[in-house]
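*Asks:* Construct all of the structure, not just a fragment, from the sequences and the given hints.
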Amino acid sequence: MGSPLLRCLAAALAAGCLSAVCTSASAAGDVIRLGVAGPQSGDLASYGIPAARAAELAVREINAQGGVLGRQVKLLVEDDVCKPEIAANTAGKLVSDKADVVLGHICSGAAKAALGIYRDAGVIAMSPSATNPELTQSGQYPNFYRTIAPDDAQARVEVDFALDTLKAKKIAILHDKQDYGRGLAEFARRFVESSGGRGQVVLFEGITPGAVDYSAVIQKLRQSGADAVIYGGYHPEASKLVSGMRKKKIELPFISDDGVKDDTFIKVAGAFAEGVYASGPRDTSTNPLAIKAVAAHRAAFGGDPGAFYLNAWAATQALLNAIAKAGTTDSTAVARALHSEFVETPLGKIRFDARGDAEGVGFAMYRVQKGVYVEVR
Amino acid sequence: MDYFLELFVSGLTRGSIYALIALGYTMVYGVLGLINFAHGEIYMIGAFTGLIAATLLSWTGLPPLAVLLLAAVAAVAWAAAWGLAVERVAYRPLRGAPRLAPLISAIGMSILLQNFVLIAQTSDFVSFPALVPEIPWLAPYAAVIGATEVVIMLITAAAMLGLTLFVRGTRTGRAMRAVAQDRTMALLCGVDVDRIIGVTFAVGSALAALGGVLIGSHVGQINFAIGFLAGIKAFTAAVLGGIGSIPGAVLGGFILGWTESFAAGYISSAYEDAFAFFLLIAILIVRPSGILGQSDAGRA
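In order, the protein sequence lines correspond to chains R and A. According to the working numbering, the residues represented by the first sequence are 61 to 437, in order. According to the working numbering, the residues represented by the second sequence are 291 to 590, in order.
Think of the hints as simulated: they come from the structure by calculation, not from any bench. Some clues are possibly wrong.
As the list claims (entries may be wrong) - In the SDA-like style, the derived pairs of lysine to any residue whose C-alpha atoms are separated by at most 20 Å in a straight line are: (1) K309(R) x A420(A); (2) K309(R) x A437(A); (3) K308(R) x A437(A); (4) K309(R) x A468(A); (5) K143(R) x N405(A); (6) K227(R) x E435(R); (7) K227(R) x P313(R); (8) K327(R) x S413(A); (9) K143(R) x F565(A); (10) K308(R) x L428(A).
*Replies:* Listed below in structure tokens is the structure:
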């Protein structure tokens, strides 16, 4: 009555729990989890939302064709607001939600904070946009890959453009003191100084993002006698600098990075954005997969996609293709597949080198003409 | 010499905005003994209201100066209402509580207002139209000073003067000074303390909103997060000049603006914040209650 009944009930309960655990374990095996980590809100959301949309649409296509290894792909989208502190939490959450691979993070600082967590959990992360070179070159994060060229390649393009095309001799370099901007600025300074006398750095300064006004540093720009400005950082500060410069009648060419090659920059800076140069991923508008991907965005969301959309699509494809080719979600096998297998993406046919950088992806220079970014040939 | 002048003007502009916001901090501290951390967000709300009002008004085809004035009036009125609401919701219920409680309430209010605007408006940076029309005879000096900077300085001077006259010359101003000196005694003398505190918040918020509209016009873009750094800097300015003292807030604002500007121009803009705070520490060591502040022993 008391004891035997209770014991029976306990056994039944335990059996029930076990079977529930078993079913959920096999249910877990039926889905491949793709984590998507990036800013979905906050002032840098315009960098993360297109990537999340690219993952959504790419996964929808792949699922419609039967998924990967016969399993459907499920998206786990998390918001890290491009802040390192929050990114660490996001990474922890994705790991505990059993993400098999992660598309992210978007910002270099956030990626740096999260990669250690993914590495210790054996999860591969691929970023469509984090360009800080250390992430692949330091060797600390063998689980990190990216479908965008690192910042030293970007700085190289900017400096060569300034020295060779614009024939500038005195370069002023500004940055926003954060991982991405300062990293780029340091590379730009190194390249200008080692250019064999073709140019010299007359100013190298960091500005505080979010400050009330930047007129002091703009006056310093004029005082330095520079004939071109290279800025490393994101579009809010870039547009404040450019409008401040133009209002004070400083007409120097303003060269910036892929954080500024964003339509939000043109929208906010308005007429002052005219003539601004920015480096960005190479133009892929003739690639048939790219055309299809952009059309899919227009159909689903109305309007053209934003920054890093094609890079994110390529990353999603590369990750899922590697899982398919490896036949498992085990990270060692997937890593081997990423290094050895080519995959056709909107960016072209790519695979990844030993450090995790994508082979076949590069940067080009763009200029704002009549309110639109146009590639400079 | 040119460079010095440029940095001087730049510091004056920045300092004026700090002064406008610092006045709100200092008045509330004088009357309530509370640091209103939500004040920076009132500045931000003023900027957004000014933008919305200016956009709506620009469709009516009024001349730009009229648009600027009306947008400023709208921003000021709306921000004053917000200031009153914040006081009623976050501080009045805690009137008798230990000092820490309203401080934490203030911080919470600041976070709430930031996120409210983030959700109600947008997380994007929004373009702010240049509302101040160009002054033709100023054009040759565009490198040093522009129309917006002149307007900012004039408005700050007018605000300073107006506020001093208000506090010295009117009955409400005298009541404010009384409440700042000794609240219980003022109550016993028949001063409606609740109303006076409300007026203090309203006036402080109005000035901050003015600063918001001006800085939006000057910089060309605003965002829900602009209140944070501006608020901290203005608070520093208020403490520098002597918290509780109205001329102190203005002096603190200008000193802070000039220090940042000259530090950025002659040394390095990466360290401009460090110089500003270093100055604060130095002054507080020598004069703990700020430059023009009265030490607590002097208060009744």
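*Asks:* Could you run down the list of hints and mark each one as holding or not?
*Replies:* Quick rundown of the hints versus the structure:
The hinted pair formed by K309(R) and A420(A) meets the criterion: a straight-line CA distance of about 16 Å does not exceed 20 Å. Proposed proximity of K309(R) and A437(A) is supported: the alpha carbons are some 14 Å apart, at most 20 Å. Distance hint between K308(R) and A437(A) is fulfilled; the C-alpha atoms sit about 11 Å from each other, no more than 20 Å. Restraint check for K309(R) and A468(A): the C-alpha separation of about 50 Å exceeds 20 Å, so the hint is violated.
Under the criterion of a C-alpha separation no larger than 20 Å, the hint pairing K143(R) with N405(A) is consistent with the structure, at around 16 Å. A threshold of 20 Å between alpha carbons decides the hint, and for K227(R) with E435(R) the separation of about 19 Å falls inside it, so the pair holds. Of the pairs offered as hints, the one joining K227(R) and P313(R) holds, with about 11 Å between alpha carbons and a cut-off of 20 Å not exceeded. Of the pairs offered as hints, the one joining K327(R) and S413(A) holds, with about 14 Å between alpha carbons and a cut-off of 20 Å not exceeded.
About 26 Å separates the Cα atoms of K143(R) and F565(A), which puts this hinted pair outside 20 Å; it is violated. For the hint pairing K308(R) with L428(A), the CA-to-CA distance comes to about 12 Å; that is within 20 Å, so the pair holds.
Comparing the model with each numbered hint stated earlier shows that hints 4, 9 do not hold.
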